[in-house]
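A.B. asks: Protein chains in written order, with the working numbering: chain A, 117 to 466; chain B, 117 to 466; chain C, 117 to 466.
Note that these hints are calculated values from the structure, not bench results. One or more hints might be untrue.
If several chains are the same, the list does not tell them apart, and a pair holds so long as it fits within one copy or across any two.
Straight-line alpha carbon distances no greater than 35 Å define the calculated DSBU-like cross-link-like pairs of lysine-lysine that follow [stated by the list, open to error]:
#	residue 1	residue 2
1	K431	K278
2	K168	K223
3	K431	K447
4	K304	K164
5	K304	K126
6	K283	K168
7	K223	K431
8	K447	K223
9	K126	K283
10	K465	K431
11	K200	K454
12	K465	K168
13	K126	K278
14	K164	K454
15	K431	K126
16	K168	K357
17	K465	K283
18	K357	K200
19	K126	K378
20	K223	K200
21	K431	K357
22	K447	K378
23	K200	K164
Below are the chains, spelled out letter by letter.
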Amino acid sequence: MQYTLAALVKDLDVTLQGDPTCLVSGVCTIQQSRPGYITFLINPLYRKYLPKTQAAAVILAENDAGACPVNAVIARNPYYVYSKIAAFFTKQPAFSQGMHPSVVVGKETHIDPSVSIAPHCVIGARVHIGPHVTIGAGCVIGNDVQIGEASQLAPRVTLYDKVTIGKRVIIASGVVIGGDGFGFANEKGVWHSVPQLGGVDIGDDVSIGANTNIACGAVENTVIEHGVKLDSLIQVGHNVKIGANTIIAGCVAIAGSAVIGKQCMIGGASNVAGHVTLCDGAVITGMSAVSNSIQQPGIYSSGIVGMVPHLEFRKNNARFHRLAQLIQRVKVLETRVKETIERVTERAKS
Amino acid sequence: MQYTLAALVKDLDVTLQGDPTCLVSGVCTIQQSRPGYITFLINPLYRKYLPKTQAAAVILAENDAGACPVNAVIARNPYYVYSKIAAFFTKQPAFSQGMHPSVVVGKETHIDPSVSIAPHCVIGARVHIGPHVTIGAGCVIGNDVQIGEASQLAPRVTLYDKVTIGKRVIIASGVVIGGDGFGFANEKGVWHSVPQLGGVDIGDDVSIGANTNIACGAVENTVIEHGVKLDSLIQVGHNVKIGANTIIAGCVAIAGSAVIGKQCMIGGASNVAGHVTLCDGAVITGMSAVSNSIQQPGIYSSGIVGMVPHLEFRKNNARFHRLAQLIQRVKVLETRVKETIERVTERAKS
Amino acid sequence: MQYTLAALVKDLDVTLQGDPTCLVSGVCTIQQSRPGYITFLINPLYRKYLPKTQAAAVILAENDAGACPVNAVIARNPYYVYSKIAAFFTKQPAFSQGMHPSVVVGKETHIDPSVSIAPHCVIGARVHIGPHVTIGAGCVIGNDVQIGEASQLAPRVTLYDKVTIGKRVIIASGVVIGGDGFGFANEKGVWHSVPQLGGVDIGDDVSIGANTNIACGAVENTVIEHGVKLDSLIQVGHNVKIGANTIIAGCVAIAGSAVIGKQCMIGGASNVAGHVTLCDGAVITGMSAVSNSIQQPGIYSSGIVGMVPHLEFRKNNARFHRLAQLIQRVKVLETRVKETIERVTERAKS
Numbered sequence: 117m118q119y120t121l122a123a124l125v126k127d128l129d130v131t132l133q134g135d136p137t138c139l140v141s142g143v144c145t146i147q148q149s150r151p152g153y154i155t156f157l158i159n160p161l162y163r164k165y166l167p168k169t170q171a172a173a174v175i176l177a178e179n180d181a182g183a184c185p186v187n188a189v190i191a192r193n194p195y196y197v198y199s200k201i202a203a204f205f206t207k208q209p210a211f212s213q214g215m216h217p218s219v220v221v222g223k224e225t226h227i228d229p230s231v232s233i234a235p236h237c238v239i240g241a242r243v244h245i246g247p248h249v250t251i252g253a254g255c256v257i258g259n260d261v262q263i264g265e266a267s268q269l270a271p272r273v274t275l276y277d278k279v280t281i282g283k284r285v286i287i288a289s290g291v292v293i294g295g296d297g298f299g300f301a302n303e304k305g306v307w308h309s310v311p312q313l314g315g316v317d318i319g320d321d322v323s324i325g326a327n328t329n330i331a332c333g334a335v336e337n338t339v340i341e342h343g344v345k346l347d348s349l350i351q352v353g354h355n356v357k358i359g360a361n362t363i364i365a366g367c368v369a370i371a372g373s374a375v376i377g378k379q380c381m382i383g384g385a386s387n388v389a390g391h392v393t394l395c396d397g398a399v400i401t402g403m404s405a406v407s408n409s410i411q412q413p414g415i416y417s418s419g420i421v422g423m424v425p426h427l428e429f430r431k432n433n434a435r436f437h438r439l440a441q442l443i444q445r446v447k448v449l450e451t452r453v454k455e456t457i458e459r460v461t462e463r464a465k466s
Numbered sequence: 117m118q119y120t121l122a123a124l125v126k127d128l129d130v131t132l133q134g135d136p137t138c139l140v141s142g143v144c145t146i147q148q149s150r151p152g153y154i155t156f157l158i159n160p161l162y163r164k165y166l167p168k169t170q171a172a173a174v175i176l177a178e179n180d181a182g183a184c185p186v187n188a189v190i191a192r193n194p195y196y197v198y199s200k201i202a203a204f205f206t207k208q209p210a211f212s213q214g215m216h217p218s219v220v221v222g223k224e225t226h227i228d229p230s231v232s233i234a235p236h237c238v239i240g241a242r243v244h245i246g247p248h249v250t251i252g253a254g255c256v257i258g259n260d261v262q263i264g265e266a267s268q269l270a271p272r273v274t275l276y277d278k279v280t281i282g283k284r285v286i287i288a289s290g291v292v293i294g295g296d297g298f299g300f301a302n303e304k305g306v307w308h309s310v311p312q313l314g315g316v317d318i319g320d321d322v323s324i325g326a327n328t329n330i331a332c333g334a335v336e337n338t339v340i341e342h343g344v345k346l347d348s349l350i351q352v353g354h355n356v357k358i359g360a361n362t363i364i365a366g367c368v369a370i371a372g373s374a375v376i377g378k379q380c381m382i383g384g385a386s387n388v389a390g391h392v393t394l395c396d397g398a399v400i401t402g403m404s405a406v407s408n409s410i411q412q413p414g415i416y417s418s419g420i421v422g423m424v425p426h427l428e429f430r431k432n433n434a435r436f437h438r439l440a441q442l443i444q445r446v447k448v449l450e451t452r453v454k455e456t457i458e459r460v461t462e463r464a465k466s
Numbered sequence: 117m118q119y120t121l122a123a124l125v126k127d128l129d130v131t132l133q134g135d136p137t138c139l140v141s142g143v144c145t146i147q148q149s150r151p152g153y154i155t156f157l158i159n160p161l162y163r164k165y166l167p168k169t170q171a172a173a174v175i176l177a178e179n180d181a182g183a184c185p186v187n188a189v190i191a192r193n194p195y196y197v198y199s200k201i202a203a204f205f206t207k208q209p210a211f212s213q214g215m216h217p218s219v220v221v222g223k224e225t226h227i228d229p230s231v232s233i234a235p236h237c238v239i240g241a242r243v244h245i246g247p248h249v250t251i252g253a254g255c256v257i258g259n260d261v262q263i264g265e266a267s268q269l270a271p272r273v274t275l276y277d278k279v280t281i282g283k284r285v286i287i288a289s290g291v292v293i294g295g296d297g298f299g300f301a302n303e304k305g306v307w308h309s310v311p312q313l314g315g316v317d318i319g320d321d322v323s324i325g326a327n328t329n330i331a332c333g334a335v336e337n338t339v340i341e342h343g344v345k346l347d348s349l350i351q352v353g354h355n356v357k358i359g360a361n362t363i364i365a366g367c368v369a370i371a372g373s374a375v376i377g378k379q380c381m382i383g384g385a386s387n388v389a390g391h392v393t394l395c396d397g398a399v400i401t402g403m404s405a406v407s408n409s410i411q412q413p414g415i416y417s418s419g420i421v422g423m424v425p426h427l428e429f430r431k432n433n434a435r436f437h438r439l440a441q442l443i444q445r446v447k448v449l450e451t452r453v454k455e456t457i458e459r460v461t462e463r464a465k466s
């Protein structure tokens, strides 16, 4: 796979500085640049690597172009341009087109002839799979599922019944969608399962990372709108709604009936409590405990961060748990100081 | 699927207000109620939707019955009654009875003729599977496993060797039970695997959510007692014991050798440290760090919650990490105030 | 399976106290010791069980040997010695040698004749699998994968393309290695996938727990060095590097491009932020938020721990969020006290 620089940028809104016929055979980082490869400069911390780069070309912003010793692809949004150029060098798909004979398919299921289904998959009844969908080995798809055009399921994905997947959705290995939400009614100390009757609706251009779980709705559907990007090991509880183009990093736990707006960003390992609402454009930094709703766009955080030596941590914890005493000491001081000032003032008068 | 209201409540301890012959064809939420469907009122926040509901009937508590404009199912425990009525409208099982020819079965394994096993499962040796068990596609079951009557394994579940599953247990997709606990002995800077020889015992009526992992015991068995409900993406370490009818929400991490009592509740994304003990009836709110044992029933929490704008968060963090200085300032004040009061008092005497 | 005590310790650097011909048929805990079994004393809390043990023998340190009423295996590192002795009693592998006929194998793939591959696996093209590797049922292995000698994949593991696994690596069920890292470029409010072109390199003697996910690198490879032990439900983001003989407990989230040194220990449910660096020998206690780099070996922690009754927790939270006011009150006090002291001093002079 070799491309000229001109071919790589043909459809992109960029300015080429240097030789458009230069051949590129892959991408590299700017810290470990290699002759014949194209690299990119996005993080200012790595600007120091630019003057000595050996790459064939660098994708960068206009203000870095002057310092570039090799061919430059000058872009308003270099990371976006990098994403388009890197796509020329992606890995080959693991399995060729067509359905493997070991695949088991239910009744009244429609599979477009352009679909690829790898070995040992099981597809339920009344399923509809659109054109150019690829399904990795060992996937299990329930009844009444719909998968839109050009979506890709990695190996070992489970879609339960009544799951609807949009177009160009990317689902990583180990993902489970549409399993029962966590609903139990307590009667005399015993928990009774509350049937989870809803499905899951996944919009177009959604991406879902490995081993993430999205529960079905209790009555209505759990909804992931178009353009949402979910990382790995995320838990999405029943009835959750995630608005369009929201991005959520790994290990986030979203409890049932939470409603997350459009264009939100949630940092890794954060937790969103049940029934909480985040407005459009809410940004939550990593490791936050979102226990209350957010009404205004902006950046929000919670808790205590910052690593300290363990002994200091223990002292900090003790201080925190004695805050009530500290407040009491301040209160006593306030009273004493007030009294003392009064005495001093009184005496001054006398 | 249509039922009369009388049929739906036949075995339930409820009072019918209205027309018992009314036909019901599904369930709906009270916010989005639909003619011909039955709904429920449990959360007082939704009481405002009751007067205008278009549902065929509403399951509710006695004090709400007067405001109900349609048929009412009056119950002491409306959510429990809803769980029983909703069960009439659950999804159909994905696969019919019997064992698919692609299933591979080990030696000396007994499978009841009423069992359903979907394609591409692998069952080990000396396994015993009781009546009416259903096993979804792609499950892998090790040697010396027992599965009790009417238990249901969703697709893609792994049971390692020596796992015992009770009756009516529900296991969601991606669950792993009985894998090695995390035990390593350090010898000269290198970690050596400590063989994990125990199994896992799962009681009757347990429910386990998607992608949850339950490790085997190091020597004795890890034990999950009857009626325990575990949500998704939970980690249960080796040697853990969870008492009967305890309920644990998603993404909880339970470290090795923790002992959790009966009738406990643990909120989502909480962590339980190793060797910690929770007494019966301990309730842990979500996102807690359970680093110490709990001896008395009650509701417990830890840490800091509450989202604030990021700038305020940074200031709060700085204030927290300077608590030692604040305490020192208060101490200095206390000394100065004491001295000043003494001086003032002394002078008053003179 | 029965062994003499002498046979069990033949290759170990220990001292035998008692009868070397004593027969041992398994291991037990010291709390629940059984005749004919060997047990161990490591945790000083369990020393009280030693005088009354009914076990055939006890593995212990020299200073406990005097109190041992039965045969004793005296060791410098009793837990390590236990790990070697317990290995005599491990479970039998689930599947016998050879490749099941249902396994699908791609082109130009080399599989050593000593390899065991259980049913319903799918192996890609240009894969190399070394001697004595065992692969559990339902595993899916992509293209261009290498698996070193004597490594063991449990059932239902996914290796994406370009993953390299060292020798004697143990991978538990549900693990996903080499899936896309979480990289998206925002252009006009829409997230565009950034191709993830790197692979994953796993060194020798690594262990990876159930349902853990290790993402591939964005450009270069994600790297797990030799001897690393990862527990279950861990997330390892793209470009992460984990140094040799580091051990990480369950549910830890490691964000992209974090660099973790050698011989580190990270406690369960901790989170490591992106691009953070931990030096060799850093120890992070459980439930920590590692938001900054660590430059010196030692034990580090963050945040607040300690369970308190919920009402106290709410008060603590309110106090924390009012720290600014408390600091202001102290500041006011300081000014007033200073002024009062000045007044008193001035008057004393007059």
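A.B. asks: To test your reading of the hints: which numbers does this structure violate?
C.D. replies: 1, 2, 6, 7, 8, 10, 11, 12, 14, 15, 17 and 22
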